[in-house]
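Trainee: Using UniProt numbering, read the sequence shown as starting at 1 and increasing by one per residue.
By construction, these hints were calculated from the structure, which means they are not laboratory data. Don't take each hint at face value.
Derived BS3-like pairs (lysine-lysine); straight-line CA-CA distance at most 25 Å [as the list claims (entries may be wrong)]:
1) Lys176 with Lys250
2) Lys60 with Lys164
3) Lys246 with Lys164
4) Lys250 with Lys319
5) Lys250 with Lys314
6) Lys214 with Lys486
7) Lys246 with Lys267
For clarity, every value in this text was computed on a predicted model and none was experimentally measured.
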Amino acid sequence: MDLALAPETLARWQFGITTVYHFLFVPLTISLAALTAGLETAWVRTENPKYLKATKFWGKLFLINIAMGVVTGIVQEFQFGMNWSDYSRFVGDVFGAPLAFEALIAFFFESTFIGLWIFGWDKLPKKIHLACIWMVSIGTVLSAYFILAANSWMQHPVGYRINKEAGRAELTDFWKVLTQDTALTQFFHTLTAAFLVGGAFMVGIAAFHLARKKHIPVMRTSLRLGLITVVIAGMLTAISGDTLGKVMYKQQPMKMAAAEALWDGEKPAPFSVFAYGDVDKGHNSVAIEIPGLLSFLANSDFTSYVPGINDVNKAEQEKYGPGDYRPNIPVAYWSFRWMIGFGMASFALGLLGLWLTRKKFLLPAALRTGEDEVPHLVLFRNKALSPRFATWYWVTALWTMLFPLIASSWGWIFTETGRQPWVVYGVLRTADAVSPGVSQIEVLISMAVFTLLYAVLAVIEVRLMVKYVKAGPPELTDDDLNPPTKIGGDHADADRPMAFSY
């Protein structure tokens, strides 16, 4: 390892580890907030107790997840000052603006209403209580938008000028930063992927309970909601991914070429199914390709020209000066495939599950064989699946909950590593953004501390989730089924202190 580059390399590893870990909670928070709000809406409209049970069950898991997301997200802020001080000094005027809006508007908005929702079950009329969880959901979406706008500026900087005397970037058009096409397309793609995560999470946990023949009305409803969410979100994720890919090609042609291991420009350009090659020599030894598909993905034209890695690298050397402007090609190539593969596998399994559970979903059912009662998975028209197929179905549904999380993680790895060696594309190199006074041992110590801390938090998160998932939906009380009709509750309960509803 080159000791001169060690602090930068370690700082990148540390930021990558903490960011990917934090992002495990973000899409689940966004989607579970909206799905929980939808279930509570169904309860308010129908007064069916199963929707209230589902709201309380999924709401509890949402609260655990958002608490962990907040804790892990705080660490991200510290790292800008610790390991990336030159970055903070250079872009703070621009990058800090959307982050400030995220904290002042979205986060405070979100945290205020989540408090009202948690403690307001027996104090607020049900329609006002419902409005609180919808406000929380809106807050999570706003929070994601402002953060993605900041990240999009790193991918495609706009609305700024360079103050050469101060040696830093200065914001000139905040609206342009918020509304540029990179921010809009990236937000759409991230939001749809978040619902793919939440839908699969709901499917997996519902399948776990249904396989055990427990909490059937609530989990049957949750399974169907999760499957519908997975299918719709999967289709929208593919559409938004295609749109984002075209924007990426125009703004960062190197990232597109690296994603396909396309070394030299071609017309038409093929989509790589599998490739193996020599990065140093700049060519592939083995390549399995679909002709013309990359041209379509880049330009909506099967015959168009797409520049390769060597072409873009040469162009950037002429524009920005000597250097190697290629990212880590194997990481970009495989992360792009794992993102697509796991994401589409989730969609396919969701589509299969939706088909299997179509129309009237009867579960469980007992078919008598002599004197023995044998449980079977019975679908519509009373057609029973064999026990072996039923077991396969539930195990697959359970594991499906992990696929979108894996896809999202690799998607962010691709997004960030494919931009290298730039931290702000075309403006600031990563090597120039690291804190100059931080030593290798200091970064190692902080990385070890954060990794240990995150390992402890992971144990806490998993144990809490497993505990409350196994417990299932709570039993409802009369207070649950008969919420107050005015703010503050009934007169007899007006002076009762607020209590945590879970």
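Trainee: Please go over all the hints and tell whether each is borne out by the structure.
Mentor: Hints, verified against the model:
no. : hint               : in the structure
1   : Lys176 with Lys250 : holds (18 Å)
2   : Lys60 with Lys164  : violated (51 Å)
3   : Lys246 with Lys164 : violated (33 Å)
4   : Lys250 with Lys319 : holds (16 Å)
5   : Lys250 with Lys314 : holds (17 Å)
6   : Lys214 with Lys486 : violated (35 Å)
7   : Lys246 with Lys267 : holds (17 Å)
In summary, the numbered hints that this structure violates are 2, 3 and 6.
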